[in-house]
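For my numbering, count along the sequence shown from 1 and bump the result up by 18.
If you are wondering where the hints come from, they were derived from the structure by calculation, not from laboratory data. Some hints could be false.
[Claimed, not checked] With beta-carbon atoms standing in for the labels, derived distance ranges:
no.	residue 1	residue 2	range
1	56	181	26 to 32 Å
2	195	154	16 to 22 Å
3	215	145	16 to 22 Å
4	119	184	23 to 29 Å
5	73	145	36 to 42 Å
6	230	57	47 to 53 Å
7	181	161	22 to 28 Å
8	182	108	23 to 29 Å
9	183	104	27 to 33 Å
10	119	87	35 to 41 Å
11	182	56	53 to 59 Å
Remember, predicted model here, so these are calculated numbers, not experimental data. Ideal placement from N, C-alpha and C gives every residue a C-beta, glycine not left out.
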Amino acid sequence: LVAKKKSLVTCLGLILLLFSCLFPFAGTELVSASPDKLKWSIVDTPSEEGNVVVSPSEINAIVVGSDDETFYAIDIPHSKVYKSTDGGVTWEDDLTDALTEEGATLPAWDVAVAPDDRELVAVVTNNRTAVYVSEDGGKEWVNTNLPDLGALLISDIAISPEYGDDRDIAIGTRNPDGSTNGDIWVIRRLGFPSWEAVGLNMDVNSIAFSPGYERDGVILAIA
């Protein structure tokens, strides 16, 4: 019996020692293991300094240029189009005024940038029924004069890699009432002659050009 009591006391002592190691005494302030290196500070969010976080803003789509430093972003609720040339550290919205001056009705609903030219950017405007293109990074815009789509709306937009001296721009369309009679429209950038329908007759959700478009001429569509 005595041996059992000693064993029990020893176990209780070990438990108390372990408990005291895991949980410091009340009143002891918890500090960082490396107080000179690991410190936290409060940062106001959103931060408007340098437009790192623009307030108010709600980014709905963002694309990255071929240099990995040029970003384009659209904010539908606030009808803004933003651009960053330093990897998203700072932003400007001069593109917004440039678009409206050219006659676009904002907000922009979608945005695309060429995979090999950071300055070539296209946006979907006018309640998803028009496409404007800029070849100088958004300083000046051109209306591509998309034909009347009827009840169809633009669901996606993409720009092809350059082939020869040209490249193509494609849009996917869909019917918001659920009817499956959308299509893919394609236009050649040089001179913006006219849009041509592919004749898919299916609602298109997403489109993309093949990286080898110059060779294979493939446009991938999810419908």
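Look at the Cβ atoms of residue 182 and residue 56 and judge whether their distance stays inside 53 to 59 Å. holds, 56 Å
Using the Cβ atoms, figure out if residue 182 sits within 23 to 29 Å of residue 108. violated, 36 Å
Range first: 36 to 42 Å. Now tell me if the beta carbons of residue 73 and residue 145 are that far apart. violated, 26 Å
Hint says 27 to 33 Å; check whether the CB-CB distance for residue 183 and residue 104 agrees. Between residue 183 and residue 104, where Cβ atoms are some 31 Å apart, the hint holds.
Hint check for residue 87 and residue 119 - Cβ pair distance inside 35 to 41 Å: Given about 26 Å between the Cβ atoms, the range is violated.
Could you tell me whether the CB distance from residue 119 to residue 184 stays inside 23 to 29 Å? holds, 28 Å
Can you tell me whether the CB distance of residue 195 to residue 154 sits inside 16 to 22 Å? violated, 38 Å
Residue 215 paired with residue 145, Cβ distance criterion 16 to 22 Å: Cβ of residue 215 to Cβ of residue 145: about 20 Å, so the range 16 to 22 Å holds.
Taking the beta carbons of residue 181 and residue 161, is their distance inside 22 to 28 Å? holds, 24 Å
Outcome of range test on Cβ distance (residue 56, residue 181; 26 to 32 Å): violated, 53 Å
Evaluate the given range 47 to 53 Å for the C-beta pair formed by residue 230 and residue 57. Holds, at about 51 Å.
The structure fails hints 1, 2, 5, 8 and 10 (numbered hints given earlier, in ascending order).
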